[in-house]
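A.B. asks: The whole structure should be built from the sequences, with the hints applied where relevant.
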Amino acid sequence: GESVGLHLPTLSVQEGDNSIINCAYSNSASDYFIWYKQESGKGPQFIIDIRSNMDKRQGQRVTVLLNKTVKHLSLQIAATQPGDSAVYFCAEKDFNKFYFGSGTKLNVKP
Amino acid sequence: DAGVIQSPRHEVTEMGQEVTLRCKPISGHDYLFWYRQTMMRGLELLIYFNNNVPIDDSGMPEDRFSAKMPNASFSTLKIQPSEPRDSAVYFCASSPRDRSYEQYFGPGTRLTVT
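Heads up: the sequence lines are chains R and Y, in that order.
The letter at position 109 of the first sequence is residue 287 when you use this note's numbering, and the numbering goes up by one with no holes.
The letter at position 43 of the second sequence is residue 45 when you use this note's numbering, and the numbering goes up by one with no holes.
Zero decoy hints are in this set.
With a straight-line Cα cutoff of 20 Å, these simulated DMTMM-like cross-link-like pairs (lysine to aspartate or glutamate) come out:
hint: 1; chain 1: R; residue 1: K220; chain 2: Y; residue 2: E13
hint: 2; chain 1: R; residue 1: K275; chain 2: Y; residue 2: D100
hint: 3; chain 1: R; residue 1: K283; chain 2: R; residue 2: D262
hint: 4; chain 1: R; residue 1: K234; chain 2: Y; residue 2: E104
hint: 5; chain 1: R; residue 1: K246; chain 2: R; residue 2: D209
hint: 6; chain 1: R; residue 1: K275; chain 2: Y; residue 2: E104
hint: 7; chain 1: R; residue 1: K275; chain 2: R; residue 2: D209
Because the hints were derived from the structure by calculation, they are not lab data.
C.D. replies: This is the structure we're talking about:
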């Protein structure tokens, strides 16, 4: 079956620095890739999506990059803030079925 | 909008008992998803509905699990009989018709089966 995995289980960054969270996927048929943020005790929160025919998409302080050649997805957070501390999940969509990665914990040091 | 509402927030029950989890999606959303989250298996899609109709239930672990969506504003996930290995956080999520990937999750129900 499909699998979505993350390279780094924990990432620590200094407040104000940029963060990069990586993700590998395996299903070439996925048409959308999505990033979610999950804070402790809460449900995942949608951050940004990218369609499979795109390479880059920017949001507010976040950028998602998609490299279909190596099946790699990344989330860049600019000027990381303490409020960004959470677990980040990548997910892939294959005809309304969603497969989530195992998550990367982002720690922001003040 | 209040977002996706789930109840109860916590449920502790004994093995063999029936458990019913409830979800109210965001008004106007056509898709509703049920997920289960555990440390070992992460976030898993159990079943999803489109316009109240179950579309794919291949993620439902076994026949002890069932889900219904009698109308656009209410869904239930039932486990009967419950087992300790069902202990997990269960999330409900909803999304708009033209953006099924933009899912809005509820706060989850933490289920403990003893």
